[in-house]
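Engineer: Throw the hints in and build the complete structure from the sequences for me.
45 is the number that the working numbering gives the last residue of the sequence shown; the numbers go up by one with no jumps.
Derived from the structure by calculation, the hints contain no laboratory data.
Quick caveat, the model's predicted, so the values are computed rather than measured.
Note that beta-carbon positions come from the ideal geometry of N, C-alpha and C, so glycine has one too.
It is possible that part of the hints are untrue.
Unchecked claim - Cβ-Cβ distance ranges computed for the label pairs, FRET-style: (1) Gly43 - Cys15: 26 to 32 Å; (2) Ile42 - Leu22: 28 to 34 Å; (3) Thr25 - Met2: 18 to 24 Å; (4) Ile44 - Cys15: 26 to 32 Å.
Claimed, not checked - Simulated crosslink set (SDA-like; lysine to any residue; CA at most 20 Å straight-line): (5) Lys21 - Cys9; (6) Lys18 - Leu29; (7) Lys20 - Leu32; (8) Lys20 - Leu8; (9) Lys23 - Val4; (10) Lys21 - Ile33.
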Amino acid sequence: MYVTISLCLIAIACMIKNKKLKYTLFILSILISILSMVLRIGIH
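Structural biologist: Written as structure tokens, this is what we have:
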């Protein structure tokens, strides 16, 4: 689920021309993917 969200954010970021917003979305998607890995490790 989190992977899909981060992939969607990356796809949206690629379409956005605004550099600041683009990088914000990239960072957000990276944080979401890290968070999902941490949660997955934490659950097991």
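Engineer: Each hint needs a verdict: does it hold in this structure or not?
Structural biologist: Tested hints:
A beta carbon spacing of about 31 Å between Gly43 and Cys15 agrees with the range 26 to 32 Å that was offered as a hint. Between Ile42 and Leu22 the beta carbons are some 31 Å apart, a value that agrees with the proposed interval 28 to 34 Å. Range check, Thr25 to Met2: about 22 Å between beta-carbon atoms, so the 18 to 24 Å window is met. The hint said 26 to 32 Å for the Cβ distance between Ile44 and Cys15, and at roughly 31 Å that hint holds.
As the CA atoms of Lys21 and Cys9 are separated by approximately 18 Å, the hinted pair is consistent with the 20 Å bound. Restraint check for Lys18 and Leu29: the C-alpha separation of about 17 Å stays at or below 20 Å, so the hint holds. Using a Cα cut-off of 20 Å, the hinted pair Lys20 and Leu32 holds, with the two alpha carbons roughly 18 Å apart. With a CA separation close to 18 Å, the supplied pair Lys20 and Leu8 stays within the 20 Å bound.
A threshold of 20 Å between alpha carbons decides the hint, and for Lys23 with Val4 the separation of about 18 Å falls inside it, so the pair holds. Only pairs whose Cα atoms come within 20 Å are accepted, and Lys21 paired with Ile33 is accepted, the gap being roughly 18 Å.
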